[in-house]
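**Student:** All chains should be built: construct the whole structure from the sequences, respecting the hints.
Residue numbers (this note's numbering), protein chains in the order written: chain A, 906 to 1349; chain B, 3 to 649.
Calculated directly from the structure, the hints in this document are not laboratory data.
There may be inaccurate statements among the hints.
Restricting the straight-line Cα-Cα distance to at most 16 Å, the calculated cross-link-like pairs of lysine to aspartate or glutamate (EDC-like) are [unchecked claim]: (1) B:Lys334 x B:Asp380; (2) A:Lys1322 x A:Asp1337; (3) A:Lys1011 x B:Asp251; (4) B:Lys619 x B:Glu595; (5) A:Lys960 x A:Asp1292; (6) A:Lys1321 x A:Glu1341; (7) B:Lys619 x A:Glu1098; (8) B:Lys355 x A:Asp1009; (9) A:Lys1011 x B:Asp250; (10) B:Lys355 x A:Glu1007; (11) A:Lys1137 x A:Glu1194; (12) B:Lys52 x B:Asp80; (13) A:Lys1340 x B:Asp380; (14) B:Lys332 x B:Glu446; (15) B:Lys355 x B:Asp250; (16) A:Lys940 x A:Asp1319; (17) B:Lys619 x A:Glu1100; (18) B:Lys175 x B:Glu501; (19) B:Lys334 x B:Glu446.
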Amino acid sequence: MFNRRTFLTTTAAGLSLNGWLGRLAAAAPESKRPKSCILLWMAGGPSHIDTFDPKPEAPADVRGEFAAIETSVAGIRISEHFPRFAKLMQHAAILRGMSTQESDHKLATYHLHTGYQNRAGAVAFPCLGAIVAKELGKQDVALPNFITIGRGPQEALTSGFLGPDQQPLTVNDPVRGLDFIEPEGDPQRFAREIELLHGFDEAFHSRYQSSAGETHHTSITRAVRLMNSQQKEAFDLSREPANIREMYVPPSSATAPAAASGKMTKMVSSGERAGSFGQGCLMARRLVEAGVPFVEVVMGDGVGWDTHRDNFPRVRALSLECDAAMAGLVTDLKSRGLLDSTLIVWMGEFGRTPQCTGGGRNHWSRAWSTVLIGGGIKGGQVVGRTDRDGATVVDRPISVPDFLGTVCTILGVDYKKKNHPPGVGRPIPIVDTSKEVNVLTELI
Amino acid sequence: MKLVLSVLLLTVVAAMAHAAPVPAQNPERWEAAAILKYPALREQGSPLNKQFLAVVAAKRQSEPAFFNQPDWPLRAADLAVEEIKNAEAVAKEKAMADEQAAKAKGEAEAKKVKAGIATKQASTPDQRGEMDRKDAKQESDRSKTGWIAKFGAGEAVELAGLIDQQIEARLSKEGVRAAALADDAEFVRRIYLDLHGEVPPLEQVKRFLADPRPDKRARLIDSLLADARYGQYLADIWQGYLMSPLADDPTRRAERFRDWLAGQFNTRPWNEIATELIAGTGTMEDNPAVTYLIEGRLPRAVPDLTDLTSRYFLGIRLNCAQCHDHPFVKWKQEEFWGMAAFFTQIQTPKRAKQVYEKGVIDDPKLTLANLKDAGVPDGFIQSAPTFLGGKALSPGSGTITHRAALAEWMTTPENRWFARAAANRTWWRLMGRAIVRPVDDMSEANAPSHPQVLELLTRKFVESGFDLKFLTRAIVLSRAYQRTSQTSQGGASPDQQAELFGRMSIKVLSAGQLYDSLETISGPAARVTGIDAREGARWEFTQFFGDNGDPEPTAYRRGIPHLLRQMNSGQFTGSGFDGLVARLNSPASRPLEETVSDLFLTILSRPPTGNEVRMAKPYVNQSGSAAGGLRELAWVLVMTSEFSLNH
Chain A
906 MFNRRTFLTT
916 TAAGLSLNGW
926 LGRLAAAAPE
936 SKRPKSCILL
946 WMAGGPSHID
956 TFDPKPEAPA
966 DVRGEFAAIE
976 TSVAGIRISE
986 HFPRFAKLMQ
996 HAAILRGMST
1006 QESDHKLATY
1016 HLHTGYQNRA
1026 GAVAFPCLGA
1036 IVAKELGKQD
1046 VALPNFITIG
1056 RGPQEALTSG
1066 FLGPDQQPLT
1076 VNDPVRGLDF
1086 IEPEGDPQRF
1096 AREIELLHGF
1106 DEAFHSRYQS
1116 SAGETHHTSI
1126 TRAVRLMNSQ
1136 QKEAFDLSRE
1146 PANIREMYVP
1156 PSSATAPAAA
1166 SGKMTKMVSS
1176 GERAGSFGQG
1186 CLMARRLVEA
1196 GVPFVEVVMG
1206 DGVGWDTHRD
1216 NFPRVRALSL
1226 ECDAAMAGLV
1236 TDLKSRGLLD
1246 STLIVWMGEF
1256 GRTPQCTGGG
1266 RNHWSRAWST
1276 VLIGGGIKGG
1286 QVVGRTDRDG
1296 ATVVDRPISV
1306 PDFLGTVCTI
1316 LGVDYKKKNH
1326 PPGVGRPIPI
1336 VDTSKEVNVL
1346 TELI
Chain B
3 MKLVLSVLLL
13 TVVAAMAHAA
23 PVPAQNPERW
33 EAAAILKYPA
43 LREQGSPLNK
53 QFLAVVAAKR
63 QSEPAFFNQP
73 DWPLRAADLA
83 VEEIKNAEAV
93 AKEKAMADEQ
103 AAKAKGEAEA
113 KKVKAGIATK
123 QASTPDQRGE
133 MDRKDAKQES
143 DRSKTGWIAK
153 FGAGEAVELA
163 GLIDQQIEAR
173 LSKEGVRAAA
183 LADDAEFVRR
193 IYLDLHGEVP
203 PLEQVKRFLA
213 DPRPDKRARL
223 IDSLLADARY
233 GQYLADIWQG
243 YLMSPLADDP
253 TRRAERFRDW
263 LAGQFNTRPW
273 NEIATELIAG
283 TGTMEDNPAV
293 TYLIEGRLPR
303 AVPDLTDLTS
313 RYFLGIRLNC
323 AQCHDHPFVK
333 WKQEEFWGMA
343 AFFTQIQTPK
353 RAKQVYEKGV
363 IDDPKLTLAN
373 LKDAGVPDGF
383 IQSAPTFLGG
393 KALSPGSGTI
403 THRAALAEWM
413 TTPENRWFAR
423 AAANRTWWRL
433 MGRAIVRPVD
443 DMSEANAPSH
453 PQVLELLTRK
463 FVESGFDLKF
473 LTRAIVLSRA
483 YQRTSQTSQG
493 GASPDQQAEL
503 FGRMSIKVLS
513 AGQLYDSLET
523 ISGPAARVTG
533 IDAREGARWE
543 FTQFFGDNGD
553 PEPTAYRRGI
563 PHLLRQMNSG
573 QFTGSGFDGL
583 VARLNSPASR
593 PLEETVSDLF
603 LTILSRPPTG
613 NEVRMAKPYV
623 NQSGSAAGGL
633 RELAWVLVMT
643 SEFSLNH
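**Tutor:** Here it is, written out as structure tokens:
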């Protein structure tokens, strides 16, 4: 239970990502590898008409300023500002039939992350990342099973009743790396401190026994192990060659022409450093390679995709950045033989109004789009169809449980499985099954 | 209606017939003229009608000659109209003046609070203690003008004794031995954490440990309860319960709500506080109490508020019954919706967000049927307002709002749930283990572990006038509360001992307690890169380290991310301890043993054991500098399980 070994510094058995583990990953038959998920969270609610559900036949004030371009799959067209991703459409399925109930940012974000609407009821629902971490993650490894990159929606990124082991580890700035992974001073001092800590704790735990104390001890042990592990190199982007890092970022000329007014540079995801979303996707690839089952990369700190004003310049800039990141990620995963075992989910909390007013679009949850890529799905498809204006779903409406049920099924998680959180008194299925759940079987 | 006025006039005239001869001129003509000019005069019970009668009555007293004028009905009507106009103008002026005064007061208060916070942040823990004592005196002075406590120390001691009698009888019956009482160091840390939400400052620890008086624990309890910090801590807890974390602008909203709650908890009984929360009106700026209701700005909020209110104020989980009859407990779906109907008058079906501009107002025309306008909530059943237990709201109570009626029903002494829920929750918070578990699900399916104790607490709480301080005082005076949490050798299993309250359960420091304790120890938090600087430091910390809702006090819920930050961020620890170390380490000639001892007293509220001194001294000495070594030692102490637990 409590012995010196659990506290003293341990080095993981020489696992180097680009060496042994990389070769192992490449050699393993793809079907045996457990699935991972990279969720690309588009905070603010991206306009579906201006991204993946263009409406060239609609009147000008609905259609907007962007043209639609052909993709590598005949018959599927997307916004002209996703040129690189367009060439990879054969790996993707666009879900144009999303139709949900929440139009408030926080409530919708919570709904899309946990699958349940935020109610005052006593249940603290876990988000998808925590669920996948629990179902697919290995329990005794150095890296946590659920990692988020970027400043995400804190209220929704919660492990809820699944407890501390499924709490996400957050990387605020992928270029800076994981905060607090290194001790404040030098490592020898830290090791000495840990040893003294152990001495004091041993005495305390022998007199005051509690599961709370045990959990505290375990959490420290795991944190220290992570600090001393080789796997933490996954958080260090400087280990990637420059050409790989550049794959994830649009060439600087792409965003420059639009910067006619000096304001432009501020319009892209206001809180983030430019290009950090792409680097976040790169880090996600590294983490998945190291065995992490769920990574969420957030795009759109601050205003993000919430384009009530200046819809077209903002969406254009965001799209180009997102396009490079997604295309880079898909290409990189494919070349490493990881695309079939990694499901990429591109989603926001809702879409945006078909009608443009004052150069902007407002919230619209009745009809919008998400995209699923890789993970062994039958790509090159569109599921669901909206009307001429992109205002209502005329074919195959997809609710939040339908969507999350599908994602779970692709990942190999039983969405009907019930958890029994303490103190709740009734079983809670992973996905809300109170209404019939329609998994999109055409993708699997 | 003309008939009515004529009857009135005739009555008046007839009455005057006894007094003086009636002039022959035709009053009916002038009555007709008056009615023509002021049609409202005809409506029985209208303000004008009433004022007219008042004028006539007044004139009859003071100026009987008035009625000699043939046109006196018209004159009286004119006078009545003028009097009404004047009254309205005066009322309006008063309202505006009140508003100005309240605003100015609010601003002054806010300024004072801000100044207070700034001075506190700039001061040492002992200076802060001084300021808190001043605040406490002000608070207790204020309460003298409001509600007065009925029960004092004597009644609390009596209740504590009765509690102990019950608990010890049960222990004896089960053959489980009670643990010894906690020692002074354990007690002082525990009582500060439980009543003030932070570890005791160094000077208080030293003073308490050195105090030779046999009644020092009771005295300490008294001073902690009288201190303003008591209300602030409870406010922190209840803001976490009652305000949704998904709220807009949460930092400022939470602070304002907390400040209001603190004043309430320090000076008012629980029934009055609950009434304010449930029946409050106005905007959040004018009446922070409505922060609770405003989270229900969407029409779906009616079921949400029903659920929240029943859980936190009545200790009942009704939410299952929203959609179906509860599987094991008796609550039926109609009962949920009967309760939900009490919250319908505050809906804003046309535009949800107008509640922020106009504030919470009751519109008597709104009912459950309006919920359907915004999309039918699950399980909807049209119901009239019905109290739990079946009694319907009587139609005659049309003069008070539904919510006021609900608050009234909830807080009558006969209500089985209100006091019981408060007793259970207070016991749960202090003892770490509720008598009915889960704490907010006090149904037949969950039998109380100690029914007589619960009954006792509930009854006395009601008799005290719902005085939470009295209840708290009684519990913490008891031996049950003051027992050690250490596991003793032999005898029953430690778990069983804790379940029977023969041993104190070990609780975990909440995020708020962690933050406030660290601030007490090392001074205000430094800002650190990597930590979201946009929100207030305390809000960000408590959201990151904390749990929403009702986590069990005995459950440790932090994982790798939290420990990484605690260990390596330098926020509070590491470089954050420079100030503390400098203070303790002066003069530099001070023997190391003393400094180490002070460090233990500051962080763990106890002196080090001999063994610990033997480990610590060489540790500090082998470090580069004494200050560096002490800082590392401080880091270690803050990272111990002992620090994170309320044992």
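**Student:** Against this structure, judge whether each hint is valid.
**Tutor:** Against the structure, the hints:
1. With a CA separation close to 15 Å, the supplied pair lysine 334 of chain B and aspartate 380 of chain B stays within the 16 Å bound.
2. Distance check on the hinted pair: lysine 1322 of chain A and aspartate 1337 of chain A sit about 10 Å apart at the alpha-carbon level, within 16 Å; holds.
3. In summary, the hint linking lysine 1011 of chain A to aspartate 251 of chain B is supported, as the alpha carbons are separated by about 12 Å, within the 16 Å threshold.
4. Taken as a hint, the lysine 619 of chain B and glutamate 595 of chain B pair is honoured in the structure, with Cα atoms around 7 Å apart against an allowance of 16 Å.
5. Among the hinted pairs, lysine 960 of chain A with aspartate 1292 of chain A is consistent with the structure: their alpha-carbon atoms are about 9 Å apart, no more than 16 Å.
6. The suggested pairing of lysine 1321 of chain A with glutamate 1341 of chain A holds, with an alpha-carbon distance near 11 Å, which does not exceed 16 Å.
7. Annotation: proposed proximity of lysine 619 of chain B to glutamate 1098 of chain A holds, straight-line Cα distance about 13 Å (limit 16 Å).
8. Our distance criterion of 16 Å between C-alpha atoms is met by lysine 355 of chain B and aspartate 1009 of chain A, whose separation comes to about 11 Å.
9. Between lysine 1011 of chain A and aspartate 250 of chain B the alpha-carbon distance is near 9 Å, which keeps this suggested pair within the 16 Å criterion.
10. This hinted pair checks out: lysine 355 of chain B and glutamate 1007 of chain A have alpha carbons roughly 15 Å apart, not beyond 16 Å.
11. For a cut-off of 16 Å, the pair hint linking lysine 1137 of chain A to glutamate 1194 of chain A stands: about 12 Å separates their Cα positions.
12. Of the pairs offered as hints, the one joining lysine 52 of chain B and aspartate 80 of chain B holds, with about 13 Å between alpha carbons and a cut-off of 16 Å not exceeded.
13. The hinted pair formed by lysine 1340 of chain A and aspartate 380 of chain B meets the criterion: a straight-line CA distance of about 11 Å does not exceed 16 Å.
14. A threshold of 16 Å between alpha carbons decides the hint, and for lysine 332 of chain B with glutamate 446 of chain B the separation of about 8 Å falls inside it, so the pair holds.
15. A hinted pair counts as satisfied when its Cα atoms are at most 16 Å apart, and lysine 355 of chain B with aspartate 250 of chain B qualifies at roughly 12 Å.
16. For the given pair, lysine 940 of chain A sits about 13 Å from aspartate 1319 of chain A by alpha-carbon distance, which is consistent with the 16 Å threshold.
17. Taken as a hint, the lysine 619 of chain B and glutamate 1100 of chain A pair is honoured in the structure, with Cα atoms around 15 Å apart against an allowance of 16 Å.
18. Restraint check: the Cα-Cα separation between lysine 175 of chain B and glutamate 501 of chain B comes to about 14 Å, which is no more than 16 Å; the hinted pair holds.
19. Only pairs whose Cα atoms come within 16 Å are accepted, and lysine 334 of chain B paired with glutamate 446 of chain B is accepted, the gap being roughly 14 Å.
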